[in-house]
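Colleague: Okay, here's what each chain looks like letter by letter:
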Amino acid sequence: MLRYAARRLLFSIPTLLVISFIVFALLDLAPNDPTAQLPLTIPPETRQTIRESLGLGQPFHVRYFRWLTQFMAHEPLNLAERMWGVEIGNSAGRLRVRSWSTRAPVVDLIAARLPQTLTVVGVSYLVAVLIAVPVGVFSAYRQYSVFDHIGTFVTTVGFSVPTFFTGTVLIVVFSVTLGWLPSIYDTTHRVTDFGSFVYQVRQMVMPVMVLGLFNAAQLSRFTRSAVLDNLNQEYVRTARAKGLTEPVVILVHVLRNSLIPVVTVIALGLPSTFAGAIITEQIFRINGVGQLLIGAIESADIPTVQTVTFIFAVLIVVFNLLADLLYGVLDPRIRYD
Amino acid sequence: MTDAVPSLGARHRSLARDVWQQFWRHKGALVGAAVFTLIATAVLFGSVIHGVDPQYLDYKAKNQGMSLAHPMGTDNLGRDLFARVLAGGRLSLAVGIAAMVLSLTLGTCVGVLAGFFQRLDGPLMRLTDLFLALPVLPLLLVSIMLFRDPLRSVLGPEVGIFVLIVAVIGITSWMQTARIVRGEVLAVKQREFVLAARSVGTRPHRIIVRHLLPNALSPITVSATLGIAQAIITESALSFLGLGFPSDFPTWGRLLYDGVPFLGLTPARVIWPGLAISLTVLSINYMGDGLRDAMDPRVRRR
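Sequence lines, in order, name chains A and B. Okay, so the first sequence: first residue is 1 according to the working numbering, each after it adds one. Okay, so the second sequence: first residue is 1001 according to the working numbering, each after it adds one.
Derived from the structure by calculation, the hints contain no laboratory data. What you are looking at is a predicted structure, and each value in this text was computed from that prediction instead of being measured. For glycine and all other residues, C-beta sits at the position ideal for the given N, C-alpha and C. Misleading hints may appear alongside valid ones.
[What the hints assert, rightly or not] What the simulated footprint calls covered on chain A by chain B, stretch by stretch (three residues with Cβ under 8 Å from a Cβ of chain B suffice, anywhere in the stretch; the number is not a length): (1) 13-25; (2) 114-123; (3) 278-292; (4) 305-314.
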């Protein structure tokens, strides 16, 4: 197991390197000029100086390796320094990935946006799991019942209807017509007392539900089929023959075995939920990482786009690894060597 | 034993017939097929009955509700929404089908090559894994931002963006098909009839086209169906983020995006295109479910 984990970890390094190269090279092809939006009165020599100050004068491979070391070595060191309050080497002289439009380090920009995204994505994923698992288990237990038929229909609708449509319909109903919930998510809002907590809940209801129900639809279909696979197994018959009560058979014996594949799917689905949050953030005007990416794309802020895109790739690779390892830990029948 | 033969029935049982019978029994798939046919017919031939130009500006009739002249109302420039939804549907479906064809071709090629030629299996599957690890939505947005203007100047505004969106969706969605086809090819390759074909000197490309592909047809069909739905959703998501088709040649996603600022005034501008996307995708998904059941021999024999 440990050897397998180490090998998988080693394999993910070249994958990440290739992805970082693709992301960097694709954006480097951009016919964008970062000085294009500056006033026309600036003489060409000054423009050239500005370009060079942004690090553009050098050949491709120099810039690629500089970005890679900045992202892979300098930023983790900065992060470690901030977390433990120690100074490692010459931290002031360390170059950082800087945004072209704000001139601030990109990682700081992301760190400022991350809490909002994490709150919405985390809570919605939790809601999704809490809805999906009971619905999936009950649908499978009462296969072909009215509940199962309705559940299957609702989940099919749930993942066929795109989030940007459900989101806007919810805004039309609850914000425009009824006026119950705010349609714009206020990220400057701080929870200090009960009243402000209620406001926070009210502004989170719609984004969390939109993202959560979409994920719940996929997860509950998966849970249903996993439970169905297990219900016909011999050990379930044995458990019933022993005289165990139905709740024990289902909730202890069947559920534990069915959740093995479900847990890995939950881990695999998390990165795409972050990507889905790009759209949700756009609907509800949440000032998160997704909005940072969209804004950076619109203003051709290449370093920010490169870094955020690469972080999404890191998330995918890390959670794929996690899912594989979890599968091995949870299911002792799986042997990797 | 011999008298059992005529009782099998006078009619010949073919795979297509079996599949059709199973599909017919799947009520959801049937309703899905009916709804999809209805939408496709409306989108293709609707302009014959509702002959309003989707680009015609009528300022006096702006922001109207539903009426006999404008069944879905009008937008802030007085354009007829129904005509625009019909025109947008043509574009949305065209993008969905073209992107599906591209991704299916890529996926089938990679899958067949990886499954059939041992030497290529490793590299091609690593490539598939790599593509699966790419963050698709950010990369789609980025590549559209980068190549939109160059392609538009070469191919013209409408064709340029169409080619770009179809290409980026196709290139980032072939991986599932490749994996499924590879698995199928690996399984069929071991069977005796392939060995027989090889032993009489059939060339590899003949084996692939005559023996392997027909046997892998059912999973390819299913992933083709679901691929259309996925492509339509992806395209409308891109348009919703403002990086898809321009407002002059709107798809359903772009119509929805254009309607969002007028949510309080004319919610119909969001509801109708959104409903069109959702119904299309839902009906295609049901058709895919039915096809999968119909083509799965374990289900069919029951």
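Colleague: Does each hint hold? Answer for all of them.
Modeller: Now for the hints, and whether the structure bears them out:
1. With 5 residues bearing a CB less than 8 Å from a CB of chain B, the stretch 13-25 of chain A meets the requirement of three and the coverage assertion stands.
2. With 0 residues carrying a beta carbon less than 8 Å from a beta carbon of chain B, the stretch 114-123 of chain A misses the three-residue requirement, and the given coverage is violated.
3. Against chain B, the stretch 278-292 of chain A contributes 3 residues with a C-beta closer than 8 Å to a partner C-beta. That satisfies the three-residue criterion, and the hint holds.
4. With 5 residues carrying a beta carbon less than 8 Å from a beta carbon of chain B, the stretch 305-314 of chain A meets the three-residue requirement, and the given coverage holds.
In terms of the numbered hints stated before, the structure departs from hint 2 and from no other.
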